[in-house]
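Enquirer: Build the full structure now, drawing on both the sequences and the hints.
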Amino acid sequence: MRVLIVEDNPRLAASVQQALSEQGYNSDICLTGYEAEDLGAEDVYDLYILDVMLPDRSGVDVCKNLRHMGVKAPVLMLTALSNTSNKVEGLDAGADDYLTKPFEYDELVARVRALMRRGQATESTKLTFLDLEYDLARRSVLRGGEPIKFTAKELGLLEYFMRNVERVVSRSSIMQSVWETEYEPGSNIVDVYVSNLRKKLISHGGNQLIHTVIGTGYRFGERPD
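Counted from 1, the sequence shown has number 187 at position 187 by full-length UniProt numbering; the numbering is strictly sequential.
Hints were generated in silico from the structure; no laboratory data involved. Hints are all accurate, no fakes.
With a straight-line cut-off of 27 Å between C-alpha atoms, the simulated BS3-like cross-links for lysine-lysine are:
1. K126 to K153
2. K200 to K149
3. K126 to K149
4. K153 to K200
Expert: Written out as structure tokens, the structure reads:
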């Protein structure tokens with residue numbers, strides 16, 4: 001998942017980026033509204049964290065312009081203003097959620113996760129990679145046209161991997177996203193489920209898709225590094 005942080009306070013932007021990185025999210029930072037719109041035109045971000053008070057223009061106007069450009073990714077607005085009228089203005093402009101400064105980073109990350117899930121729910125009901133196809137609506141998986149049976153948690157893990165193709169993901173981020181709980185160092189629950197998932201995928205032919213990244217976690221992709 002890739003996030004664009006639009007915040008003119010460099011220290012705050014860096015802190016937000018660090019909090020997201022610890023949860024496995026990749027992010028970029030820009031300091032102005034015009035730069036945000038230029039980057040938004042490329043439509044490569046899964047979520048925008050957008051400050052209301054930017055040096056060159058209002059974050060509300062930026063949000064409105066992103067929507068006019070066809071950007072459908074969720075927008076989380078940050079504001080030092082807590083009055084209702086400001087929030088209504090932002091929501092009417094196309095924002096999905098508001099967070100008032102100062103905030104706890106745990107709450108920020110929780111809101112990001114919720115918005116990501118909400119955004120994913122509106123996407124295509126099928127995920128595909130090479131010869132692997134996961135029909136989210138039917139909860140069914142085919143590899144090379146052959147069905148594979150998975151448990152509910154294995155399906156959740158597979159969906160997470162298929163939404164993060166070729167990205168290195170940590171055990172902590174997997175635990176947060178699939179189990180929705182904190183990862184405990186020394187726990188092997190993620191490794192056990194990954195092992196089971198690997199066996200089922202490889203049993204139906206084709207190359208191994210889940211690769212161990214020593215000291216970090218896993219990468220779902222065509223070939224090992």
